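Going down the list, the sequences are from chains L and V. Numbering follows this note's numbering, in which position 386 of the first sequence is assigned residue number 386; successive positions increment by one, without gaps. Numbering follows this note's numbering, in which position 60 of the second sequence is assigned residue number 60; successive positions increment by one, without gaps.
Since the hints were derived computationally from the structure, they do not count as laboratory data. All figures in this text were calculated on a predicted structure; none of them were measured in a lab. Worth double-checking, as some hints may not be accurate.
Unchecked claim - Subject to a maximum C-alpha distance of 30 Å in a straight line, what follows is the list of computed BS3-like cross-link-like pairs (lysine-lysine):
1. L/Lys204 to L/Lys126
2. L/Lys449 to V/Lys71
3. L/Lys569 to V/Lys40
4. L/Lys449 to L/Lys569
5. V/Lys40 to V/Lys71
6. V/Lys71 to L/Lys569
7. V/Lys71 to V/Lys41
8. L/Lys204 to L/Lys31
Each chain is listed here by its residues.
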Amino acid sequence: MPLPDPAIWSEHVRRVLRRYDEALLRQVAVKLFKPRNQWPLDELIERNVATVSNVAVVDRRLEALDPAGRRVLALIGHSRQPRWKVGNLLEMLVALGDAVDVRPVLALLESGLLYPDLPDSIPRLKSFEQWLGLGGVNGLAVFAHPHVTARALGEDLGLPDLSRSHDAPPQEADGLEWPLRLAVVWQQVAGAPLRRTQQGEFFKRDLDRLRADPLLNGAAAEGIGEIPDAGLLAVELALVEGLVQENDGEITAAAPPVAWDRDLAATLESLWAAVPRLEAWNTCEGWRGSGAGANPYPSAYLLALLLLARLPEGGWARPEAVELWVLEHHPYWVQSRNEDRRSKMEDRGAAGSSSTRSALSDPRSSTLAFVLGLAYPLRLLQAARDRDGAWLVRLSPMGRWLLGVAEAPPAPAAYPQTLLVQPNLEIVAYRQGLTPGLISRLGQFAAWKSLGAACTLQLQPETVYRALEAGQTFETILQTLEQHGMRATPPALVESLRTWADKRERLGIYPSATLFEFTSAADMNEALARGLPAVRLSDRLAVVTNEGAVDFRNFRLTATRDYGLPLEKCVEVEADGVTLTVDLTRSDLLLETELPRFAEPVDPASANGRRQYRLTPASLAAGQSGGLGLRALEEWFAQRTGQPLSPAARLLLVGPLVPQLDLRQQLVLHVGTPEVADGLVQWPATRALIHVRLGPTALVVAEEHVDELRKRLRELGVGIQG
Amino acid sequence: MARDTSRTATGTRIPVKLHRRVCLIQTEDAVLAEELLARKKLAQDLVGRLTDRVLLVRLGRVDSVVQELQKMGHTPSVIQ
Chain L
1 MPLPDPAIWS EHVRRVLRRY DEALLRQVAV KLFKPRNQWP LDELIERNVA TVSNVAVVDR
61 RLEALDPAGR RVLALIGHSR QPRWKVGNLL EMLVALGDAV DVRPVLALLE SGLLYPDLPD
121 SIPRLKSFEQ WLGLGGVNGL AVFAHPHVTA RALGEDLGLP DLSRSHDAPP QEADGLEWPL
181 RLAVVWQQVA GAPLRRTQQG EFFKRDLDRL RADPLLNGAA AEGIGEIPDA GLLAVELALV
241 EGLVQENDGE ITAAAPPVAW DRDLAATLES LWAAVPRLEA WNTCEGWRGS GAGANPYPSA
301 YLLALLLLAR LPEGGWARPE AVELWVLEHH PYWVQSRNED RRSKMEDRGA AGSSSTRSAL
361 SDPRSSTLAF VLGLAYPLRL LQAARDRDGA WLVRLSPMGR WLLGVAEAPP APAAYPQTLL
421 VQPNLEIVAY RQGLTPGLIS RLGQFAAWKS LGAACTLQLQ PETVYRALEA GQTFETILQT
481 LEQHGMRATP PALVESLRTW ADKRERLGIY PSATLFEFTS AADMNEALAR GLPAVRLSDR
541 LAVVTNEGAV DFRNFRLTAT RDYGLPLEKC VEVEADGVTL TVDLTRSDLL LETELPRFAE
601 PVDPASANGR RQYRLTPASL AAGQSGGLGL RALEEWFAQR TGQPLSPAAR LLLVGPLVPQ
661 LDLRQQLVLH VGTPEVADGL VQWPATRALI HVRLGPTALV VAEEHVDELR KRLRELGVGI
721 QG
Chain V
1 MARDTSRTAT GTRIPVKLHR RVCLIQTEDA VLAEELLARK KLAQDLVGRL TDRVLLVRLG
61 RVDSVVQELQ KMGHTPSVIQ
């Protein structure tokens, strides 16, 4: 019988054993494989892992266990889920007639056949009692290696035979209902991720959407029972299956599980193994959200199916009888009933309001809804009507295999041609030919419109785009349709597909790439020849999507710019006010696109290899016509040079707006020192004769005032030449 | 024999400048790039044109650029 991937669990065992304290590890090793030497810890761990896969040794260790210990391992094996809550295991032991006692679990931990699922708060485990002391057993989980639990499967669990004879023909579901619903969840989440609040609950809008969705909440095509909040169960199952994933409160689509591509049996095995891990949903309350209290349902579900596994060949059981047995033996409901009785005695006549009482009064309180509403569509059961029209159930061949009591059933007949592809882009998928792999592929490129005996899907640009984004191509999509189509694919549909695919190939977006800028085309060619995993963008630029794949030993980084950081000042303005020199060690690509808008490159580059641009009237006029005005240029200068716009640049920019200039001849008096010029400008006798001061020692004198000025200066003893 | 100074000798390290976390659009042809630049809503998120087929996208605007491209009927491939 196939097992959940043992290699994964071997690695899991290794990881947990590394966190055992040395003394504890040696103590476990002594019980498991009796080492004769003082082996190093690493070797001890490897031997431990190897021993749990050694059939002969495992059988001997199982024989040495108490029956309760063997039952624990057998229960885990039947569930195909190696990881269980300790509380659920104890509930099942009590239901099977054992005392409420954690010692069987403790004995298994000490014998190395069971391992604690250690929380991060325990970096090193000194003793199992320390771990058990962390809190109630309800929160603690353990796991067993599938090789060990497989050897425990024959253990007698002491369950009663609830069979009754019946000879009506059995009916059986196709097992595709939940893969289909999970595919719908995947598609919806791919379209719009679900979000949770900080408390872990769905936002109301998402919760309402999931509760009202007709595809997720509609009656199953082959259903014989109902379950509450089916849409939310689908999300929970998809999460456990890994079809969708949660990160920081956001649930997004993930890759389809590997089992889906294998076959239906592997998919159902995976779904069955997911059932004990349903925490936020149960058959009684429906959605109860994360962080809810005790969850006795996984143990009740497994006990219910084990009761059916106990039936003799050809025997049937009434689901109500199964439920009754669980209610009478499962400690959660026994205790609830006792509390209910006591409450009624104390408060006779008062209406009960506790959840346990409402659970008992609800006809779907425990396992009936699970058996008819969930286990049957999962193809675990066969059903038939008795003479009174009531349902009878038993395990299907698939169910017997999944519970480990029979060999795998033969693979069902395949009907590969099961799609009717129509010119209006609608696809009708007849269910008898569907497989989980095909369901997954169809859901990637077409939207689910209805689920039933014949499911319908619609090809849409968005869904095709999503499929292309996920790695499919025009050819693979067409291949799927042609391989499974009952008729030739309509040309109109092929044409639509081709158009959408071609459009996608016309545009590529690199959301966060690394650009390699080389100093010459030859350098870039050399880099590509040495295996740089890049796409060429120009003769000096190449883009890399995965920087981790670059061998940086081939490169000398002259500069690095991170575009997540603010822009840097990387331009110097030369003394002429119009030549701009780029500091290549600090410049970025934005600069390379900004400068050509209003400046001309100077060719060749300056002597020290720095790149230069020059502002010219023509380049600035081009910038202005492209929308780059005075204000924008002032901002650019402040941002990139750290200086105001140079006067020369301003002159070039505003030249056409400057009023006409006045060119004239003037007599200029040059004096020896600025102090003399100051005196001439200040003394009232000469002040009126100075027309304008040009500079510190240059004064303009009007021609008609020259004689008067000579006269006044002569009075001071100052002569004028010329 | 004259030394070819334009080519980095095999074995030596190639000088290169790295631009990290850059967002780019590469089009099939220059006409398509022109078409994108002419789209008002897109142009405000496109900060420049590196080559005739490569456009530089403003930091943090990739999602809105993809949405606008889809509105235009394009199905761009996002290359991660």
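Checked hints:
1. L/Lys204 to L/Lys126: violated (45 Å)
2. L/Lys449 to V/Lys71: It holds: about 24 Å lies between the C-alpha atoms, which stays within 30 Å.
3. L/Lys569 to V/Lys40: Within the cut-off at roughly 29 Å; holds.
4. L/Lys449 to L/Lys569: It is violated: about 56 Å lies between the C-alpha atoms, which goes past 30 Å.
5. V/Lys40 to V/Lys71: holds (13 Å)
6. V/Lys71 to L/Lys569: violated (37 Å)
7. V/Lys71 to V/Lys41: holds (11 Å)
8. L/Lys204 to L/Lys31: It is violated: about 53 Å lies between the C-alpha atoms, which goes past 30 Å.
Going down the numbered hints, you'll see the structure goes against 1, 4, 6 and 8, while the others check out.
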